[in-house]
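**Q** Residues per chain are reported as follows:
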Amino acid sequence: MKGRIVFYDRTYYPFSKFDGKCVGCPTRLRSMAVTTRLTWLQKKILQNHFGDKKFSLLYKASVHGFSTQDLHNRCCNQGPIITVIYSENVVSGVYVEENYQGGTTDSIIIFVLRETEISECKANSYNLFVNYNDNAQYCINLQSGNVLIPPQIAKRLELPPGHQYSFQECEVFRCEDTVDERKIQGLIQLRDQLLLAMRVYKPSGNLVNQVKILLLGPIGAGKSSFFNSVKSVFQGYVSHQALVGDDTTGTSKNYRVYSMKDRINGASLPFVLCDSLGLGEDEEGLCVEDILSLIKGHVSDRYQFNSMKPITSSDVKYIKYPQLKDRIHCAVFVFDINSIEHLSYGMVAKIKRIRREMIKCGMLHVVLLTHVDSMKLITRGDLIDIYSCVPVKLKINAVHRNLGFSVSDILVVSNYSSEWELDAIKDILILSALRKMLWTADDFLEDFPLE
Amino acid sequence: MAVTTKLTWNEEACLINQLGNVSLSLLYKSSVHGYSMSDMLQRYTCEGPTITIYFSNSIVGFLMLERNHKQTIWFTLRKKKDIIEMPTLLLNTVLKTTTEELSFLSYCGETIFSVNLKAQLIFLNHMLNAKIRLPVNSCSRANISECEVFRVEGIKDNRGYLKRITEVTQYRNKLLSDLRAYKPYADLVSEIRILLLGPTGSGKSSFFNSVKSVFRGRPTQQAIVGSDSTTSITEQYRIYSIKDGVHRQYLPFMLCDTMGLHDSEGGGLCVDDIPHILKGCVPDRYQFDPCKPITSKHPTYIKSPSLKDRVHCVAYVLDINSIDNLSSTMVAKLKQIHKEVITCGIAHVVLLTKVNNYDEVLQVNFLNVNKSTTSQKQVMNVSKILGIPIFNILIIGNHTSKWESDPEEDILVLSALRQMLRVTDDFLEDLPKEETTCGYFYYESTSCRLSQIYC
Chain F
49 MKGRIVFYDR
59 TYYPFSKFDG
69 KCVGCPTRLR
79 SMAVTTRLTW
89 LQKKILQNHF
99 GDKKFSLLYK
109 ASVHGFSTQD
119 LHNRCCNQGP
129 IITVIYSENV
139 VSGVYVEENY
149 QGGTTDSIII
159 FVLRETEISE
169 CKANSYNLFV
179 NYNDNAQYCI
189 NLQSGNVLIP
199 PQIAKRLELP
209 PGHQYSFQEC
219 EVFRCEDTVD
229 ERKIQGLIQL
239 RDQLLLAMRV
249 YKPSGNLVNQ
259 VKILLLGPIG
269 AGKSSFFNSV
279 KSVFQGYVSH
289 QALVGDDTTG
299 TSKNYRVYSM
309 KDRINGASLP
319 FVLCDSLGLG
329 EDEEGLCVED
339 ILSLIKGHVS
349 DRYQFNSMKP
359 ITSSDVKYIK
369 YPQLKDRIHC
379 AVFVFDINSI
389 EHLSYGMVAK
399 IKRIRREMIK
409 CGMLHVVLLT
419 HVDSMKLITR
429 GDLIDIYSCV
439 PVKLKINAVH
449 RNLGFSVSDI
459 LVVSNYSSEW
469 ELDAIKDILI
479 LSALRKMLWT
489 ADDFLEDFPL
499 E
Chain L
407 MAVTTKLTWN
417 EEACLINQLG
427 NVSLSLLYKS
437 SVHGYSMSDM
447 LQRYTCEGPT
457 ITIYFSNSIV
467 GFLMLERNHK
477 QTIWFTLRKK
487 KDIIEMPTLL
497 LNTVLKTTTE
507 ELSFLSYCGE
517 TIFSVNLKAQ
527 LIFLNHMLNA
537 KIRLPVNSCS
547 RANISECEVF
557 RVEGIKDNRG
567 YLKRITEVTQ
577 YRNKLLSDLR
587 AYKPYADLVS
597 EIRILLLGPT
607 GSGKSSFFNS
617 VKSVFRGRPT
627 QQAIVGSDST
637 TSITEQYRIY
647 SIKDGVHRQY
657 LPFMLCDTMG
667 LHDSEGGGLC
677 VDDIPHILKG
687 CVPDRYQFDP
697 CKPITSKHPT
707 YIKSPSLKDR
717 VHCVAYVLDI
727 NSIDNLSSTM
737 VAKLKQIHKE
747 VITCGIAHVV
757 LLTKVNNYDE
767 VLQVNFLNVN
777 KSTTSQKQVM
787 NVSKILGIPI
797 FNILIIGNHT
807 SKWESDPEED
817 ILVLSALRQM
827 LRVTDDFLED
837 LPKEETTCGY
847 FYYESTSCRL
857 SQIYC
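Those sequence lines, one after another, are chains F and L. Per the numbering used here, the first sequence starts with residue 49, numbered consecutively. Per the numbering used here, the second sequence starts with residue 407, numbered consecutively.
What the hints contain is simulated information worked out from the structure, not anything from laboratory work. Check each hint, because a few of them may be wrong.
Unchecked claim - EDC-like mimics (lysine to aspartate or glutamate), calculated; alpha carbons at most 16 Å apart, straight line: (1) L:Lys412 / F:Glu389; (2) F:Lys408 / L:Glu641; (3) L:Lys649 / F:Asp495; (4) L:Lys412 / F:Glu494; (5) L:Lys412 / F:Asp495; (6) L:Lys649 / F:Asp363; (7) F:Lys424 / F:Glu389; (8) L:Lys487 / F:Asp240; (9) F:Lys408 / L:Asp695.
Chain L with its partners taken away, still in its complex shape (with noise of 0.2 Å):
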């Protein structure tokens, strides 16, 4: 009899998916191995973290980081129409193991579950038996046909991994759907306008990739990215309105792309054009001319843009490995659109993109970012280029490397997008009643003055 594990291909898939692409090799096969309790054991030492699946009418397993760890991650895994499905939950159990029975014990001394090899009996509590959900006719005690021992490679060796792999979907589930609920303050405009501005190549057209993919649930590639040597791929001014996936709506938010900003003078986004862009006065898809500012007298100028034309909230984006080489044209310029933002009175934050470590940046619970992430030189950098307090400095991961979406990436992306959206709010109560009330409003240009440094 071949030792080969008697889950399906889809469902192997799904467990290596789900417990973050790690790989799993058998160990044990009670039907090959023999049904006994010692045998079992055995290959469970030094073998490091391990799964063990029971197989009776359903599938039951539960994953152990180290024999004598405090905590196991419960799961089964069925089908529900084409998809499979892995509920998880985490407990805090105690191992008991006497020659015929393992058992796991709670902190109170009730069982949760145990097994008894040789009779191939397996016996689960309430509680666990509705956590995880299994279907209502399997009764607490089920005879099993097959018992696998699994030794789980590449684990990431972090705080609160089992913690973070049980909660994360779930996480992000629900950040995505208080996205899709969300509303600006006082329904002054009905979608936020956020404007992604930084060098060429930073990740401004990836973020929003990213973010339409996290919607659509699909990845998706509608902004062309990718490198060409020095020249900016996005030449257009884009503004993108998303629909999401799910509901067929536009999502109460727009990203504005626009061309990346050049080391050299008369390249790149030219920094005149700025002041328009963020007034609203810039139409969808305008050309950008590197050498010369968008006037008044374009056809398509916006003469008279009203609230919900404006620019509500300015992403910085800045790839965080070049932090420490920007050049010193760069670091004016950005300086020097800043003054312009501050000056406009309009919401802004900086957002670090193709971190590496990127789920490492999260603290277990997902709400805050790690202490040791903020301090990290390169945040300390950008905050003083800048003069933006840290926590309005967001990082996220590299989308554009991959293939599989990875929850944790999505994580950071919505987290990102959620305090750019807070931040706009604050910018909206905060505007003067003229402002939001005739619709219409002007303010000193600072074009003239802009123009008059990089001459």
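Okay, chain F solo, but in the shape it has when bound (with noise of 0.2 Å):
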């Protein structure tokens, strides 16, 4: 045992008779990694619990030592911290709100995690943590590897009658808001870096003024929001231009191609969103060889779409010959993020057959993902780093595995619906996304024949 103290300036190494992992560990130091026991899920519930709390673990016994004094070394003066305790079979702990300096704390919360489910309860306690049990209070003595629960509390966290629960294994996390004030800072200037970025903007090789970009989707996915969400970017507050709704068949009916102004100089910015109406079951909504008229630029502004019937070369609204200003040069997929696995077979069909139209034509297009605000267990500060979320990362992967488009195609947004002010972290998304659309059509641009 004497080998694997060598790493570090300590003569005691306090080995529990808990720990029983720690004897087999092999004497490299970075296998004793504190890494938390905790799975991604259950700490992601954990720090939504409490509000959207970001973790850092301070303390973990089997590494750090079975003892008060260890502990307090860590934890005492780093804010709000949440104990994690490992029993046989449940995962319990308590939270502290108020900065931990050892000692008396007034109110504490104690938790019991059961798969995804918390109960949790306030109580007082006098010393959370001690060596000695010697009252009905709440406390963790680590030194014996105990928990004491009183009756009471016990009964309501619904926890097996008794008094003491032992454990193998307790962590200190300091609890930090996701979103403070220094995060804003740095999200405000990446915003306004990218804001500055798409009003330069040149499409490639100058080979038209605008670029053309076509939202497509099922009914009710977000493309108007979509839309609505960049003008508000660009303006400055949230605009509703487009209406928006959930009618079941679509609020949008005409084709509307619409140009934005910038807030600051009154210039048109260097591309337009055009808006059509939604796809549809089977023979409703959006019909497959508009789309085609479409991204060809055949189809002017305000062009009202007949689900039964296609544009013909007669209509008023007809371009006959288009030029490369008039056809799209990138076609967005709009999906709903919580719908992808409810699609319908026929929709998967359409989708389908649609993109494989594109191909042919090499119209080049990415997928957006909307509503990320909404999934299960998704916060405000997931969105920052939204593309590393678990549940996310799934969602992409199915739109992958459902529909065939490559992984790195495929977006994520999260649209102004309700909201009054703008936010910058959900700005960020917005304006990545269609970053990401002007350099799909700078590709498309440069493939493009000559001719």
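Two chains, each in its own frame: build the complex with the hints.
**A** Written as structure tokens, this is what we have:
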């Protein structure tokens, strides 16, 4: 056992009798990595439960020693902390909302985590961590690996009757807000950089003045909302120019080509968004023939779609000889992220067919997943680094698997729907998605045959 | 006072990114936990890899893998225009602690860095100061306003990690500039044409996208990729030339993307098309017909291709995960194609894609492929099937599933490309004099022989 100790300047390394794991540890230090035993889901549930917190692991008993002194050395004056205790088959713990300084804590929240459910109760504790059990308060004894839970609390938490429960591991985390002033500052900076980049963007080779982006997708996926969101970001306040609704027949009946003005100098932005009628089941909604006409630029602004009858060359709104500037340079498939798995068989077939047609005529496209903020478990703080969120990753893979789009072409946004004020976090998602669309349009223009 | 780092969010993001998407947990912050050496040292115990950052008028930090590890990485973070830079330096050091001071000594006993927390003073020797290019006005001794200790989680436990992260970007940029400056042998042609061949979904178009993305400095998806159960997404013959993102010039190579090969007959790329492609008779954007090869009667058929129209290098693109399950028809097709390529005397390599442990492929200095990788079952297998020596089997990662670029992955893509160009140079050098001078050549078409086999 001595071999393990030489890495540290400590003559005494308190192995607990409860820590069976440590005995077999190899002598390499990195194998004793200080990582939590919580699963991703467990951690996420706790973080959300206590108000969108970020956890920093400060203390892990099996590594740092089963003693109150060791714990206090690392966890005092760190702000609010959460202690997680791993017993035989239950994860429980205690949350201290005020700055923990050792000694007396007035109010604590004791919780038990079962699967995805948390039951909690408030309590008082004079000394949270003790070396000896002296009273009927809630307390954790690290030396003996016991947690003492008074009967009335145990009853409220639906724990089996008993007084002391033994545990194998104890971890303490510092709890910070995921979105703090520091992050907001950084995010605003990033947003402004992105905004500037979009304003000065020039389509590849100056072939066109404005890039045309077509929004396609099932009814109610959030196509018009995405336009509203983009407009809002450039305008500086939330706009609802395009009517948005969940009407089963689709709110946008007309083909609309929305050009946007920049708030700062009043100039037109170098891109336009084209909003179409939503795709419906079977014969409803936009028909596939119309999509091809749209892409090639045969349809002009404010054309009224007819889901029964595609546009013909005799229509007043039909452009017979579209130029490069009339056609679509980037197509976007918009889906509600929550309905990806529930798309009907017919819808999936329709989308695959449209995609097939697009590939045939070399139309580059991306996927936009909206409503990410209404996903289960996802909080506002998660939106900052949304592509690394496990549930979002799963959704992206589902889109890749079910519909065949490549993973790097799948974008995630959260549209402005009920908000009054802009939020830098949402802005960044919207602008990054837009930037990717412009890049895609560049790739398309570059690839376009010169003739 | 809240225990939050003094780093800005952007600085933190840069640091995390540079270290390979690790996660940082702030353990100690001197202004909250007291400027006491023993307090700080205590936080290092039993933590594994840590980062310590000192804030004076500039930022100085170091990464230790463990407390007594021989090597430390030194870095600073500073803003240049809107971009945060992080120069790094890898040093062999010895850690020495007293009750007041923590210092790092070189092997000859010279003090490289020392800190007195109580006095809030740090000392940097000249070498360190110059190497990580701190602002000139900061003298070697500086007052610090804050000291923070972080635990680093998620460091890859491979050999040479520290050396890698300090040198990876540098090496990537060197490769990039080497390739930009490349000139084909004796200027026989201005652009090398590399033909990508392989089963459907093996990543031919993705390889093109990866190469383009690296040179562009942003993700691009010019070639549409993705899965569509069985059929090939790419149906046209495409000759892609790539414009450089920096100099806005065309790069000295083109990638020729083809339709995927199929397991079954009558699907995917028609094997009889290949001789025409190799000779350079097939024009850009030619629509492949799986059942019928191109003939000289086709309106855009290039009747008399010159050396520059020819394919100069063939890359067989194979998904490493499917090597063991290649169907016998596929193997037969590949062997036939390879025979054809050898007959034409064209340079050839194998490109294995979608390697998951791509970060272990290269040696610490990035110069060579690890022995353990080359002896992998799949690599040996491919070498046996096609009879291509192991040094011409190139390995790349899976670019399509990522958002951010990864310098190590870029290095693999660029190394693969460089290897292709080197092989091609050998081919050009080896060309008979007549072929290089007259600009037009002819060799016996083997297409009828091939069709006999598949009828």
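**Q** Please go over all the hints and tell whether each is borne out by the structure.
**A** Structure-based check of each hint:
1. L:Lys412 / F:Glu389: violated, 43 Å
2. F:Lys408 / L:Glu641: Holds: Lys408 (chain F) and Glu641 (chain L) sit about 8 Å apart, inside 16 Å.
3. L:Lys649 / F:Asp495: holds, 11 Å
4. L:Lys412 / F:Glu494: Not OK: Lys412 (chain L) and Glu494 (chain F) at ~44 Å, beyond 16 Å, violated.
5. L:Lys412 / F:Asp495: Violated, at roughly 46 Å.
6. L:Lys649 / F:Asp363: violated, 41 Å
7. F:Lys424 / F:Glu389: Given that 16 Å is the threshold and the Cα spacing comes to 14 Å, the pair holds.
8. L:Lys487 / F:Asp240: holds, 14 Å
9. F:Lys408 / L:Asp695: holds, 14 Å
The earlier numbered hints that this structure contradicts are 1, 4, 5 and 6.
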